[in-house]
Amino acid sequence: MHNPQLSDDGKLKHLLSIEGLPRNILNQILDTAESFVGVAEREVKKVPLLRGKTVCNIFFENSTRTRTTFEIAAKRLSADVINLNVNTSSQSKGETILDTIDNLIAMHADMFVVRHAQSGAAHFIARHVGPHINVINAGDGRHAHPTQGLLDVFTVRHYKPDMHNLRVAIVGDVLHSRVARSEIHALTTLGVPEVRVIAPKTLLPQHVEKLGVHVYHDMREGLKDVDVVMMLRLQNERMNGALLPSAQEYFKCYGLTQEKLDYAKPDAIVMHPGPMNRGVEIDSAVADGNQSVILPQVTYGIAVRMAVMSILAGNS
Amino acid sequence: MNILIKNGHVIDPKNGLDAKHDIYIANHKIASVGKAPDSFIADQTIDATGLVVCPGLVDLSARLREPGFEYKATLESELQAAVAGGITSLACPPDTDPVLDEPGLVEMLKHRAKQLNLTNVYPLGALTSQLAGKQITEMCELAEAGCVGFSQADTAIIDTQVLWRAMQYAATFGFTVWLRAEEPFMAKDGVAHDGEIAARLGLKGIPAAAETLALAAILSIAKETGAKVHICRLSCGESIAMVREAKKQGLQVTCDVSANHLHLTEHDIGFFDAYFHLKPPLRSQRDKDALIAGLKDGTIDATCSDHTPVDDDAKLVPFGESEAGATGLELLLPLTLKWATENKVKLVDAITRITLAPASILGIDSGHLSVNANADICIFDPEQYWKIESKALLSQGKNSPFLGLELAGKVRYTLLNGQVVYQN
Numbered sequence: 001m002h003n004p005q006l007s008d009d010g011k012l013k014h015l016l017s018i019e020g021l022p023r024n025i026l027n028q029i030l031d032t033a034e035s036f037v038g039v040a041e042r043e044v045k046k047v048p049l050l051r052g053k054t055v056c057n058i059f060f061e062n063s064t065r066t067r068t069t070f071e072i073a074a075k076r077l078s079a080d081v082i083n084l085n086v087n088t089s090s091q092s093k094g095e096t097i098l099d100t101i102d103n104l105i106a107m108h109a110d111m112f113v114v115r116h117a118q119s120g121a122a123h124f125i126a127r128h129v130g131p132h133i134n135v136i137n138a139g140d141g142r143h144a145h146p147t148q149g150l151l152d153v154f155t156v157r158h159y160k161p162d163m164h165n166l167r168v169a170i171v172g173d174v175l176h177s178r179v180a181r182s183e184i185h186a187l188t189t190l191g192v193p194e195v196r197v198i199a200p201k202t203l204l205p206q207h208v209e210k211l212g213v214h215v216y217h218d219m220r221e222g223l224k225d226v227d228v229v230m231m232l233r234l235q236n237e238r239m240n241g242a243l244l245p246s247a248q249e250y251f252k253c254y255g256l257t258q259e260k261l262d263y264a265k266p267d268a269i270v271m272h273p274g275p276m277n278r279g280v281e282i283d284s285a286v287a288d289g290n291q292s293v294i295l296p297q298v299t300y301g302i303a304v305r306m307a308v309m310s311i312l313a314g315n316s
Numbered sequence: 001m002n003i004l005i006k007n008g009h010v011i012d013p014k015n016g017l018d019a020k021h022d023i024y025i026a027n028h029k030i031a032s033v034g035k036a037p038d039s040f041i042a043d044q045t046i047d048a049t050g051l052v053v054c055p056g057l058v059d060l061s062a063r064l065r066e067p068g069f070e071y072k073a074t075l076e077s078e079l080q081a082a083v084a085g086g087i088t089s090l091a092c093p094p095d096t097d098p099v100l101d102e103p104g105l106v107e108m109l110k111h112r113a114k115q116l117n118l119t120n121v122y123p124l125g126a127l128t129s130q131l132a133g134k135q136i137t138e139m140c141e142l143a144e145a146g147c148v149g150f151s152q153a154d155t156a157i158i159d160t161q162v163l164w165r166a167m168q169y170a171a172t173f174g175f176t177v178w179l180r181a182e183e184p185f186m187a188k189d190g191v192a193h194d195g196e197i198a199a200r201l202g203l204k205g206i207p208a209a210a211e212t213l214a215l216a217a218i219l220s221i222a223k224e225t226g227a228k229v230h231i232c233r234l235s236c237g238e239s240i241a242m243v244r245e246a247k248k249q250g251l252q253v254t255c256d257v258s259a260n261h262l263h264l265t266e267h268d269i270g271f272f273d274a275y276f277h278l279k280p281p282l283r284s285q286r287d288k289d290a291l292i293a294g295l296k297d298g299t300i301d302a303t304c305s306d307h308t309p310v311d312d313d314a315k316l317v318p319f320g321e322s323e324a325g326a327t328g329l330e331l332l333l334p335l336t337l338k339w340a341t342e343n344k345v346k347l348v349d350a351i352t353r354i355t356l357a358p359a360s361i362l363g364i365d366s367g368h369l370s371v372n373a374n375a376d377i378c379i380f381d382p383e384q385y386w387k388i389e390s391k392a393l394l395s396q397g398k399n400s401p402f403l404g405l406e407l408a409g410k411v412r413y414t415l416l417n418g419q420v421v422y423q424n
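Residue numbers (UniProt numbering), protein chains in the order written: chain A, 1 to 316; chain B, 1 to 424.
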């Protein structure tokens, strides 16, 4: 089956998911991101790579943080940026996604950054747009959040350069997490030999092992000797009812405390895509501790998004 | 009008016919197979050399969308599609708007279908009022108006006491209860099989247990009440074993499978292709294999089209928001033939699954070519391949997961009551 995010000559046309992307493209993005890390430290934080281009951040679902990082990334590349919060405007008036997209196409936008509550929405939009438009998935339902996955592996690579000798644990709500799916695909594609998921069965998809991960339900067992601990966000609405009994019990079993982290390797790093629920999925002392790389993740996020945008624009 | 169909390969499972014969039609009925009746003079002769002549197909599930959803399809467009698919009798579920829970609505539908005179339409009445699962309908009145069974369409009865009473009441009068086995809480908001692909694509899954759990409840109540039950569109391998066991125990249970599920699995969803959003969802390869085998060994009695015309706008949205369903009337025959060819099933057995067996489930005198039977006949070319393209389909629903595929089996003539209603 032809991967819709690649052009006929194998170049990146859209970034919709990490799944199916070859390792050389992932490395190209990470290497390019490396070169953009320094831009933020310059006095003039801009490069002209997207000058004259218009990037539309189309958010059918709210997200200040992700939208802001995409906006900063696009502006640092000298693009014109338009932000649309669609769930509060057109869609509530009955306009379909395609109507919205068609209007933006008519305004000669060059790149769409799309967030949507439905899995597959970015694929759907990418199928619809013309060949001169690039689509970046900024999170679709439970499916994928590829730039987050890439910035996470960028962070891992920065602190643990030998990817072929790592044990990585992803902890928490894998079932509903687009971040987890993207992280898993990114890590396995880049050759990480052992990716673990740690969660109660209620927060894991059926057949999750088919994604190439080892499944653990016990935190201490799952964290034993790992190099990287990736925590996932747990939404408050999932705290009660049939998925989990309570925040307290979740924290007891799956919250990352220093005592549990001590099962990992002494130099293990702790990551979190944010925003964090302190005292539910992670203890404040760990989140702010010396093993945490949570804030550098955010910084690298801009460089990775700049890399993706510049590569897509260059391939167009 | 007298019609002679000559030189055709006649396949009639009921009468054990599977050879070259001539068929003589007089006064809307089959006058003779083989030998010309005395003083028979044909007004029309159809040369069926190289073609298969079989009973008109009987489809157990075709949504015609009238009344209420005429923007999706009309009775006329869908009955045209039915005859183009060789179908001369079909059952339609009651999930129209308004729901088929009033005798007047059923009479109107029957009357409209009769006026069109293309395919016999056999409505299934709603089992509960408004399909709401609370109040059982006036089944006797509805049966008198023309309903051949009582169904909940895709809406489950949540209150098992109501289900029990509905089946008990239906059993009093010998009515068949048509149910799709899906436990609604487990299936809630689900859009795909809860398996490998849903895990990968982040789609809300419907576990196989949603089907087996509901099926266990239905079979248990059927045993208790003695009701005749038809299970619609099984999708899981484990369900086959359960039905097999129920049949062995002597329960009056029959079941069908959608032709789509004989050929597709969850993997076909690919990159969120909404044309593969079906109900029940496409399941695993193992489930598909079990359905194929179950149909072959007769545990599954019949294949149906599960025809569900969906307008383009309802598919032009992300997968999870799209409406489930696919057009199917014109594909029932070729998809059944494909199943037969790929699984070394005799043509006569394949024809049985779409003629005699579904007719028997419906309790109608159809699906055979006996002398004096209504001359409802399908004549098709088993060797002719045709490409499934939207524009080639007569149904108003142009969405099919098989678009672009070439399938063998093209209907050349359809006869209803001894009249040619389709010719290609």
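What the hints contain is simulated information worked out from the structure, not anything from laboratory work. C-beta: ideal position from N, C-alpha, C; glycine also. Be a bit skeptical, because a hint or two may be false.
[To be verified] With the C-beta cut set under 8 Å, the calculated list includes, among others, these residues of chain A facing chain B:
id : residue
1  : G94
2  : I97
3  : A109
4  : A121
5  : R178
6  : K201
7  : G212
8  : H214
9  : V215
[Unchecked claim] Once the Cα atoms are required to be at most 20 Å apart in a straight line, the calculated SDA-like pairs of lysine to any residue come out as:
id : chain 1 : residue 1 : chain 2 : residue 2
10 : A       : K210      : B       : K188
11 : B       : K188      : A       : A242
12 : A       : K210      : B       : H267
Kindly indicate which numbered hints from before are broken by the structure, ordering the numbers from low to high.
1, 3, 6, 7, 8, 9, 10
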